[in-house]
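All chains should be modelled from the sequences, with the hints used to inform the complete structure.
Taken in sequence, the protein lines are chains U and R. What the first sequence shows, in full-length UniProt numbering, is residues 1 to 464, in sequence order. What the second sequence shows, in full-length UniProt numbering, is residues 1 to 815, in sequence order.
Hints listed in this document are in silico derivations from the structure and should not be mistaken for laboratory results. Any given hint might turn out to be false.
Stated by the list, open to error - Some but not every residue of chain R turned toward chain U, in silico, with C-beta under 8 Å:
# : residue
1 : G627
2 : S688
3 : L691
4 : D692
Fair warning: this is a prediction, and the values are worked out from it, not measured in the lab. Just so you know, even glycine gets a beta-carbon here, dropped at the ideal spot from N, CA and C.
Residues per chain, in single letters:
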Amino acid sequence: MTDSSALVHLDALGPNGPYRAQAKEVITDVTGRPVAELSMVPRLYVRRSLAALRRAQTQPLDERIPALAEAGRLFATATLNGLSVEQYEHAVARVSGLPISVVREVTSTTATGLAGAYGSAGQARPRGSRDAAHGASAARWMRRGDVFAVLTAGNHPGIHVQWAEALALGYRVAVRPSRREPLSAHRLVTALHEAGFGTDRVILLPTDHSVADELVAGADLAMVYGGDAVLNKYRASNTVLPHGPGRAKILITADTDFTRHLDTIVDSISQQAGAGCVNTTAVFVEGDPGPVAAAVAERLAGLPSLPPQSSRAVLPVWQLDAARNLEKFVHSQAAGVTAWLGGETIVAELDEPDRGAAVLRPAVFQLDRADAPQARLELPFPCVWIAPWSRTDGVAPLRNTMVLTALTSDHDLVGHLLDEPTIRNLHVGDHPTHVLVPGLPHDGYLGEFLMRSKTFTNGASATP
Amino acid sequence: MTAPLVDVDALVKSDQSRLIHPHLAGADTERIVMVEGSGCQLRDAHGREYLDATGGLMLGHVGHGRRELVDVAAGQMSKLEYFSSFHEFTNEPSIKLASRLIDIAPSPMERVYFTSGGAEAVDAALRMARLYHHRRGEPERTWVLARNFGYHGVTYGGGAATGMPMFHNGFGPMLPHVRHLTPPMPFHPELYGGEDPTEFCLRELRQTIEEIGADQIAVMIGEPILGAGGVVIPPHDYWPRVRELLAAHGILLILDEVITGLGRIGHWFAAEPMGITPDFIVTAKGLTSGYFPMGALLVAGHVADVVTRDEGFIGGYTYSGHATGCAVALENLDIIERENLLAAAVEIGDHLGDQLRRLEELPIVGQVRQIGLMIGIELAQDPATGEPLSAGWVAPLVRERHGIIIRNNPNTILLSPPLVLSRSEADQVAAAVTDVLTEYATTAKRRVSAPTRDLSVLDTAWEQPPSMPDLLAAAMEWHFHPKTGSRFWLERAKSLDFDPRKDIRTEADLTKFPNIVDELRDVRVEDLVPRGYEDEQIPLDVYESGGTTGSPKRVVWLPDLHEKLCTWHSGVLDDRGVPRGVNWLTIGPSGPHIFGPISRTLAHRRGGVPFTVDLDPRWAKRCAAEGRFEETKRYLEHILDQVEWILRSQDIGVIFTTPPLLEALAGHEELAELINRKVRTIVWGGASMNLDTRSLLRDEVFPQRQLLGFYGSTMVGGGMYERAGLAADEPSTFDPPHPFISMRVIAPDTGRLVPYGERGQVVMSHISRSMLIPNNLERDTAIRVPPAKGFGGDAVADIKPVPTFGGTTIVEGVY
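The structure is reproduced here in structure tokens:
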């Protein structure tokens, strides 16, 4: 475990190596106790770092692939920046409030994800394109630029695997870590450097919001995580890929006995501590939603309230004040609807040594119509809105969904759902919304954004 | 009376070294050692006799030297001098006094809480008001509404409610959640913008309740008649309407009757004749006439029921319900009743008031206000406009000449004699005050033609600064004399509650001025020119702020200021080794902004050619505020293109620009290389720069160049350079050209200076012949630091913009 008296120094990792700024932000754990000090770089540092990335050469493919695998191994096993993997996982759990079992799982998936990053990225490649010289005339799959910036989120450490695909495809990458949980991004960039990626090929630039815009503007392409405001800001951009709330949903039609799928429903809501963008936010029930709500509430009510470092923890933990504020917000949104769980409180305060922290308990609310605005409310803990749905409601309430699990045997309906462009992933049957299928897209393939096909003919090589 | 045999000189010396007197200037060595009193007469240790027209501090109702009170006190002390009134303990005098007070108090007063004085009773009332709401399930009702010019003591509770800045300045944060409102002062219509004062005040009260939220407000406190604020009697419908409005929102009312209560205005309490039904009445002074320090809080039944239930009202004072004090108070009330002093207050008060009202014919008397034996004589430079005249000189003169003790607030003479004042004594008081004011009025009339003070200090070069008091004395005379002051300031002076020509002597006094920054958005610039310049043909320039905080503010720029300022600038640049004989490139806002013209003059003066790349900061900020980042980026590229053309083709020795533009130059590799090759000095100023950026610029981007920071403000007509020799981890620190430009760093919520080393909001002042901008709240925060050797006033370090200013979001990073 980390020495609680010593703060972890999270330096910026720039083109010339670690950079410790005068401006630092203190990262606290769920009780409010300081855990780390994050160096915050100024705008000028960002500009100069991006210029250095632009000057650097892309690492050859045959170096990148093993380096990514090695970085994954280091991430999951090595002592990096003074933290063993156990110390890192403990610190992330304490800072993010995610159960340590979730963090451990992500450590493992990050390692495998990095090893397979190139293959995963290649899933997006159009059938006619090649990503290497191949014959005299071909469609070549080429990068759209050289420098890729990522403004990461802090809700889940698993998101970092995604931007590693850009490295695999030959981009130089600048990562702005979340100030809420910067440890994972810092560890990953450190691992990449240790594994052989030059410090001018992947960099970590902690900054405040105003400078982060500079990072996006200065890169060729960027990927940004955030809420609806971020989505709206970059919706029209073809150089910025925004990732917003997932608003994952489950649809249960009248031909389905929901009791046979209760595990799928409950897991979709509560696995990963309910903090992911793929956790179910709303369940639509053809018929009376009451029995579904009652059954889900009964199951979720039994989840234990434990500190995040407990190996049995399954629920997220926040600082108490923030938890109380969130509770106030949830209850304001739930005014007038039926609360099956969490109507009185969603906050369970922890005792010493975790005083000051609180578990966010699950909440289950029943809505009276499918188009109720609460059905679009995504919250960072197991909170679900269960609404009635009818054929006359149609696809409309199900739109703008990252993942939809349809518990139905209605093939026509499935066809309509598949055709709906704003439902980005569709599972039919017992497939929890939070379970990603390796090799299949999460929110489209990142490669679709990073690359494009280009005609390349080479008369010389065509000559026998 | 006989003078006691005491060594007066030894007493005075000991007093000077051992006692701290309230409201006594440090340099004031005068002491009057009072030794005896009888009725309204007092005698000092030298045997000199005085007529007390103040009642000490508006008390002494039954007069000095009352044997009955001495006997009662001695009798009670010999039986039971004191025992605690906490918990279940009590005593007979306090029980009787409480009943007596409720008998004479207006409905709905039911219960009494005893204190050692008025301020403690005010604090108790505030606590009870909040507790009342808390126990009734509205704990968020914590706000207290009070009034400007109101006086409620100087404890931190009462002091926060007191609406006089002098009791807040320098004392750190006051009680939070206190909002001061405008009281009705019919003699000052200028405060109400042409609106009826009562209507204005009621509208303001309604708006305040709306703004804060009725469900957040606990109580309003006010004196029925402003006492220390100048004996201001409100229109008859003011308090009843206030009460009605408060009641409609569940807000309690504390009536502070410390001065008006127990006979001063001819009634036991002012509440009754003024038609007010408060929830609390605070009383003190007249309760014992000063024979025992004591106050009482009278509490309405419905409030008392709540605050006494459950665990009761927590918190009391050691001397609450003091047996001797209560016995004295009972006898004091008996004397007031027995000697019919309520009627006497009206009769003698009216008699005195009739004589004093004749003073309104004098050109220095604005208004005489009298109710019972509570009188205020407000002085004015010009009674027609109400322009205030300091009253500080009157009391010492009346005492010296006539042996009569009176008091004053900044511009009002205050009379509040014991209620036993005789008709002949009243005549003496009236004659003395009339004599002194009449003489002054006659003399003053002869003096109004031109400033008499030596104003040459205003022409001192900025490199050889005068002392702040000397500069202030001359500047106040110049800017506020009818012959020389600007129309803006002469008009503004009418609503000041002090006389700048007399009351502004130190840098701290500048805080008396309101922040006029918003008025500079709309003012006619011609009105800013001091009339003293009028005979000269002066080419005027006008400069504007960057528009960060709303529509632009404007200052008028006179050639003498430009000359002095640029001379000072150039001297500092010489001291700092900035080369002469080189060309300047200024990259920043010219146009209506001061940035360009100053650097143009400096380039000329230092033997170089001025090149300029202009910038419209308002456009850049608008683009940034509206999220049009692409436009901002293209505009920046457009500026950098122009810089590149100049740098490639011309010899440039000095660049003067802003931190964001300097950052942009530094991020542009070709330009940075050009600068490193050609430029010797880079002066950055106009916005904040953080330590990390400064280190990068110094150590990595421009390692061989001289970087010199500058911090200033268009609104105060100038600025200052970064202190030399700062280490990498020391933030940029700036020493102003004191006293012409001075700075304070304050806590924005209280307006008080922060301690050295702490961050607060920057307040700048500019004092010169052509410009007076006192107490200007800047949009920056900074750390307050002591001045460098050879500089005066405070310095500031680590400038950062405030996130919002007057409700406007500050857009930084583009200019």
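Verification of the supplied hints:
no.	hint	result
1	G627	7 Å, holds
2	S688	11 Å, violated
3	L691	4 Å, holds
4	D692	5 Å, holds
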